[in-house]
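Peer 1: One point on numbering: in the numbering used here, the residue at position 58 of the sequence shown is 58, and numbering is uninterrupted.
Please note that the accuracy of each hint is not assured.
[Claimed, not checked] Simulated restraints, written as ranges between beta carbons of each label pair:
1. G63 with D40: 25 to 33 Å
2. K3 with W52: 47 to 55 Å
3. R82 with L55: 34 to 42 Å
4. D9 with R58: 26 to 34 Å
5. L10 with R58: 27 to 35 Å
6. G21 with W51: 21 to 29 Å
7. S48 with K3: 54 to 62 Å
8. W35 with R82: 45 to 53 Å
9. G42 with E84: 58 to 66 Å
10. G71 with T6: 17 to 25 Å
11. I46 with L10: 45 to 53 Å
12. L20 with V56: 17 to 25 Å
If you're looking for bench data, these hints aren't it; they were derived computationally from the structure. Don't be surprised by glycine CBs; every beta carbon is placed ideally from N, CA and C.
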Amino acid sequence: MRKPMTNLDLAKNVFQTMVLGTVGGWLGSCLYLWWDYQADPGFYAIQSAPWWVGLVVRTAAFGLLLAADFGLYWAVRRWLSRREKH
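Given the sequences, and given the hints that come with them, work out the whole structure.
Peer 2: See below:
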């Protein structure tokens, strides 16, 4: 029989979902931008920056968000392991 789920177990599951959602959102937005550029390159030609600058900005934001997600996930896992020792 499984032990009952604690609040920290629930938080760990939420942070795992946040990490997967962050990766999926970044991948989806990058694929959409590439698809949109392929469909209408003329629209991006009138802009002052190349079309791929949006990908770089998204990737930088993704890296920061993913670091925060993993930091929270690591903290919850550490609290869980300390609680199980006692």
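Peer 1: A separate judgement is required for each hint: does it hold in the structure or not?
Peer 2: Evaluated hints:
G63 and D40 have their C-beta atoms about 28 Å apart, which keeps the hinted 25 to 33 Å range intact. Range check, K3 to W52: Cβ separation about 49 Å, and the 47 to 55 Å hint holds. Between R82 and L55 the Cβ separation comes to about 40 Å, which falls inside the hinted range of 34 to 42 Å. For D9 and R58, the hinted distance range of 26 to 34 Å is satisfied, since their beta carbons lie about 32 Å from each other.
Between L10 and R58, the C-beta spacing of about 30 Å keeps the proposed range 27 to 35 Å intact. With their beta carbons about 25 Å apart, G21 and W51 fall inside the hinted range of 21 to 29 Å. The hinted range of 54 to 62 Å is satisfied by S48 and K3, whose Cβ atoms lie roughly 58 Å apart. As the Cβ distance of W35 to R82 is approximately 46 Å, the hint placing it in 45 to 53 Å holds.
Separated by about 59 Å at the C-beta atoms, G42 and E84 satisfy the suggested range of 58 to 66 Å. Distance hint check: the CB atoms of G71 and T6 are about 20 Å apart, consistent with the given range 17 to 25 Å. Separation of I46 from L10 is about 49 Å and conforms to the stated range, judged on CB atoms against 45 to 53 Å. Checking the proposed 17 to 25 Å range against L20 and V56 shows it holds: the Cβ atoms sit about 23 Å from each other.
Of the numbered hints stated above, none is contradicted by the structure.
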